[in-house]
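Listed in order, the protein sequences are those of chains A and Z. Residue 1 is where the first sequence starts when you use our numbering, and the numbers rise one by one after that. Residue 1 is where the second sequence starts when you use our numbering, and the numbers rise one by one after that.
Treat the hints with care, since some could be wrong.
One side only, chain Z facing chain A, incomplete, derived with CB under 7 angstroms [to be verified]:
(1) D38
(2) V40
(3) G58
(4) E61
(5) T63
(6) Y70
Some chain Z residues flagged as far from chain A (calculated, every beta-carbon gap over 12 angstroms) [claimed, not checked]:
(7) E20
(8) P88
(9) E108
If you want the footprint, here are the derived chain A segments under chain Z, 3+ residues with CB under 8 angstroms [unchecked claim]:
(10) 30-37
(11) 300-312
What the hints contain is simulated information worked out from the structure, not anything from laboratory work. It should be emphasised that the depicted structure is a prediction, and the values quoted were computed from it without experimental measurement. Heads up, the beta-carbon is just placed ideally off N, CA and C, and yes, glycines get one too.
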Amino acid sequence: MSSSDLRHTALDALHRSLGATMTDFAGWDMPLRYGSERDEHNAVRTSAGLFDLSHMGEITVTGPQAAELLNHALVGDIASVGAGRARYTMICREDGGILDDLIVYRLADTEAGLRTYMVVANASNAQVVLDALTERAAGFDAEVRDDRDAYALIAVQGPASPGILASLTDADLDGLKYYAGLPGTVAGVPALIARTGYTGEDGFELFTAPEHAEKLWRALTAAGEAEGLIPCGLSCRDTLRLEAGMPLYGHELSTSLTPFDAGLGRVVKFAKEGDFVGRAALTEAAARAEANPPRKLVGLVAEGRRVPRAGYSVVANGEVIGEVTSGAPSPTLGKPIAMAYVDAAYAGPGTAGVGVDIRGTHEPYEVVALPFYRRQK
Amino acid sequence: MSNPTDLRYSKEHEWLSPVEDGVATIGITKFAADALGDVVYAQLPEVGESVAEGETCGELESTKSVSDLYSPVSGEVTEINEDVVNDPSLVNSEPFEGGWLFKVRLSEEPSDLLSADEYTEFAGN
Chain A
1 MSSSDLRHTA
11 LDALHRSLGA
21 TMTDFAGWDM
31 PLRYGSERDE
41 HNAVRTSAGL
51 FDLSHMGEIT
61 VTGPQAAELL
71 NHALVGDIAS
81 VGAGRARYTM
91 ICREDGGILD
101 DLIVYRLADT
111 EAGLRTYMVV
121 ANASNAQVVL
131 DALTERAAGF
141 DAEVRDDRDA
151 YALIAVQGPA
161 SPGILASLTD
171 ADLDGLKYYA
181 GLPGTVAGVP
191 ALIARTGYTG
201 EDGFELFTAP
211 EHAEKLWRAL
221 TAAGEAEGLI
231 PCGLSCRDTL
241 RLEAGMPLYG
251 HELSTSLTPF
261 DAGLGRVVKF
271 AKEGDFVGRA
281 ALTEAAARAE
291 ANPPRKLVGL
301 VAEGRRVPRA
311 GYSVVANGEV
321 IGEVTSGAPS
331 PTLGKPIAMA
341 YVDAAYAGPG
351 TAGVGVDIRG
361 THEPYEVVAL
371 PFYRRQK
Chain Z
1 MSNPTDLRYS
11 KEHEWLSPVE
21 DGVATIGITK
31 FAADALGDVV
41 YAQLPEVGES
51 VAEGETCGEL
61 ESTKSVSDLY
71 SPVSGEVTEI
81 NEDVVNDPSL
91 VNSEPFEGGW
101 LFKVRLSEEP
111 SDLLSADEYT
121 EFAGN
């Protein structure tokens, strides 16, 4: 795909003026990095980083039966989410395969008292999720609206981010819990302020209108300068989420896996009212996982310096016992790390004799529990 | 970005220093280093190993990918840069200086190298 076919965010010109290396990500021309991706990673761990995530797909669901629709279409109990709160959930096929992982924000009710939710999908799956929700809305008194072009999304992540954001808004950030969101004004522009992220650090995601994105970005840059905030690209976002043990669709999650196969069965709420897409298949998947544990998602830490990549075989005793789903040099650990699905017999932390086939050489790896990194609170 | 005019360049984005006493120094260009991103691991050929023009002789691993390292000349490796083995980020910070990779005693004159101007045009920078 040539650059002209790619979609550009409202901050495109700004990224170019900052000298960003751009990359095609799910059809969007996005910043991969501005300078050193290791410096960007470390800035988020120690101070703060600023991300343009406008490629994420926002879908609004509203109406008298919005909650019932989402309880039917998604595996989580969305009806139980309070106003101003958010929930990590998944949308599955009838056969239980994962279509996408999502964050659903319950916004304030409309003036007419109708429930309103914002479903945020991965860029690569936004159309699939939109189509599925639209199809599953049949028979429900609810509207599914494509709001991908209605929002720019800017994230400020890292331990310094609460202070930086507080200098630009009167919103009650202290009262804003993890996985909560509230409407507010930041740097003079309206934004939904959500305490969510994909880095393993405290931080915020700010949904605003595209025409306000540049003003918001510049204000955050100026407010964060003294704290060491720098712009960050998708490259460090990937190493940050990997260290935090967070799955990425297309790597740890796919249509060929159920949430139970991915070790995320907890997101499936069988106890909720009403039927939901995938219930029968997921009930079986849960029983299967109980009786005959599937491959388990584990962490691997290299003893050497060669980096495991997605698709590489995990080996033990000369046999293939798993597959790497994501791998990268970890800036925080100073060693290569990976997430991998391995046979249950080899999934215990410290299991001896496990290696990764790195282009023909079996390099030794230590099996560890996820995550690799947990922030100090 | 400027490519030093006293070096010669390969289309695989390596540079070759002027030959002194039959030995030349090899590294990768700033263009290549920038394209790779942060280099985290350098697997270099071993001293005494024979390398052949245009063939792979090692790997450079960055955050996002692993890339083969090609030798722009044929000959025998006389020295490798241990500083780069210990601190691969030198490839990014000083690609034309402290980030050199290995030295080769040439067995024949390389056939297909570019001048700085030609390489700059080739790499489009």
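Please settle this one: E20 (chain Z) was flagged as non-interface, so is its CB more than 12 angstroms from every CB on chain A? Given a closest Cβ separation of 32 angstroms, the condition holds.
How about D38 (chain Z): closest beta carbon in chain A under 7 angstroms, or not? This interface hint holds because 5 angstroms falls under the 7 angstroms limit.
Restraint check, 7 angstroms cut-off on beta carbons, for V40 (chain Z) near chain A: It holds, given that the least Cβ distance between V40 (chain Z) and chain A is near 4 angstroms, below 7 angstroms.
The hint names Y70 (chain Z) as touching chain A; please verify it with the least Cβ-Cβ distance against 7 angstroms. Violated - the Cβ of Y70 (chain Z) stays beyond 7 angstroms from chain A, reaching only about 16 angstroms at its closest.
Report holds or violated for chain Z covering the region 30-37 of chain A, Cβ cut-off 8 angstroms, minimum 3 residues. holds (count 4)
Agreement of hint T63 (chain Z) with chain A interface, Cβ distance less than 7 angstroms: holds, 5 angstroms
At 12 angstroms, judged by beta carbons, does P88 (chain Z) keep clear of chain A as stated? Label violated. Min Cβ-Cβ 9 angstroms, cutoff 12 angstroms.
With 12 angstroms as the threshold, tell me whether E108 (chain Z) passes as away from chain A on beta-carbon distances. Holds: least Cβ distance 29 angstroms, greater than 12 angstroms.
Given G58 (chain Z) as an interface hint, is the shortest Cβ-Cβ distance to chain A below 7 angstroms? Where the cut-off is 7 angstroms and the nearest Cβ of chain A is about 12 angstroms from G58 (chain Z), the hint is violated.
Examine the region 300-312 of chain A: at least three residues should have C-beta closer than 8 angstroms to a C-beta of chain Z. Holds: 4 residues of the region 300-312 of chain A have a Cβ under 8 angstroms from chain Z.
Under the criterion of a CB-CB separation shorter than 7 angstroms, is E61 (chain Z) in contact with chain A as hinted? Holds - the Cβ of E61 (chain Z) comes within 7 angstroms of chain A, reaching about 5 angstroms at its closest.
Hints 3, 6, 8 from the list above are not met by this structure, while the remaining hints are.
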